[in-house]
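With the hints as extra help, turn the sequences into a complete structure.
Read in order, the letters of the sequence shown are residues 5 to 310 in this note's numbering.
Any given hint could be a false lead.
Restraint ranges, calculated between C-beta atoms of paired labels, are given here [to be verified]:
#, residue 1, residue 2, range
1, 224, 267, 19 to 27 Å
2, 20, 244, 39 to 47 Å
3, 224, 281, 20 to 28 Å
4, 277, 211, 27 to 35 Å
5, 83, 142, 33 to 41 Å
6, 143, 214, 51 to 59 Å
Because the hints were derived from the structure by calculation, they are not lab data.
For every residue, glycine included, the Cβ atom is placed at its ideal position computed from N, Cα and C.
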Amino acid sequence: GCFDDCNQGESCVSGNCVGDCPGGATLCGIECVSTDSDANHCGGCDNACPDGQFCAGGQCVGMCPMGTIQCGQDCADASSDPLNCGGCGDDCGAGQTCESGQCQCQPGFDQCFGGCVDLDTDPNHCGECGNDCDGVCVDGECACPDGEIQCNGNCVNPDTNPNHCGQCGNDCGNLETCGGGVCQCMGGYTECNGNCVNTDTNPNHCGMCGNDCGDQVCGGGECLNDCDGFPDQCGDSCVDTNIDPQHCGGCFDDCNQDEVCLDGNCEEYQPAPCNQCPCDGCGNDPCCFDEFMDAPVCLTDSNQCP
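And the structure:
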C-alpha cells in the first residue's frame, strides 16, 4: 500500500504509486494505455479485441488502416499516439503529448533536464529548473506540508521532532522524546527532579524517585548487595547491555535520543502506531519489539530487526 507519499508525477492507485499518464493516454488499473490503439483496452478500459483482430481509432478491425503502424495487435498513429510516438513503444512521459511524431510538453509544463514539469507544483523544480524544495511547492514557492514548520531551512513536525519540539530550537534531552509538541521521558524512564531516570537501575532513584541505595547496587527497582542474576553490572547499576539505551553493547555506551538499543546496537527509530508487530503503520520500515520500552518501534535506518 501507499504508506509513504508518492513522488511528484505519481498518484496512489489501489495501494500502488503509479506514474501520471502522458497527455492523450488513459489510466486502466495501474497501466497507462492508448484506448485508440490498445487491443486490450480498445475504446475503453478492459474492452479487449478478439484474437486475430487489431485496434485502430478505438475500434476492433481486421487489419491496420493506412496512416497507422502495427505494434503487435495495436494500430498506432505514430504522429499522435503518446505511447507510440514516432515509433512502436516510444513512450512520452508524464506532462508530455505527442505532436507530429515528437514528444512535447503539455501546456502548463516546462522542460527541465529532458523532462516536462509543472514549475508551480514540482518540489524538485519549484519556480525554476533545479530549485529543490525540502517540503512542497505551492505556486512556484517552497513551503512546508500541513502540520510542519520550517526550522533552519528544513521542514519539521513540531509535534514529534525532538530537536524542534513545539517550536524551532526547543531541543529535548537525550532521554526524552517529543509527543504532542512537549518533551517527555521516553518509555522506560521516569522524571525525578527534572531528570529522566531508569528507576529499575538508578541507585539514586531505585524503584522510586529519591530512594538512594547508598553502598548497595540497584537492580530491578530494588537495592541489592550485588548484581548476581543480572546480565551485566555498570557502576552501581544492574543492567542488560543488550537492551539498555544508556549501556548499549557496553557500560556507559549510550544511544542518541532518536535511537533504541536492540541486541546491543543503537538503532534509529520512530514509535510504532500499533500495539504489536507486524505494524502496517511502519510502512516499508521493519517493526521490531523494544524490550526496554516494552513497545513496538519502527526502525528508520535498517532493513531488518537485529
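Here's how the hints hold up against the structure:
no.	hint	in the structure
1	224 x 267: 19 to 27 Å	21 Å, holds
2	20 x 244: 39 to 47 Å	42 Å, holds
3	224 x 281: 20 to 28 Å	26 Å, holds
4	277 x 211: 27 to 35 Å	31 Å, holds
5	83 x 142: 33 to 41 Å	37 Å, holds
6	143 x 214: 51 to 59 Å	57 Å, holds
Of the hints listed earlier, there is not a single one the structure fails to meet.
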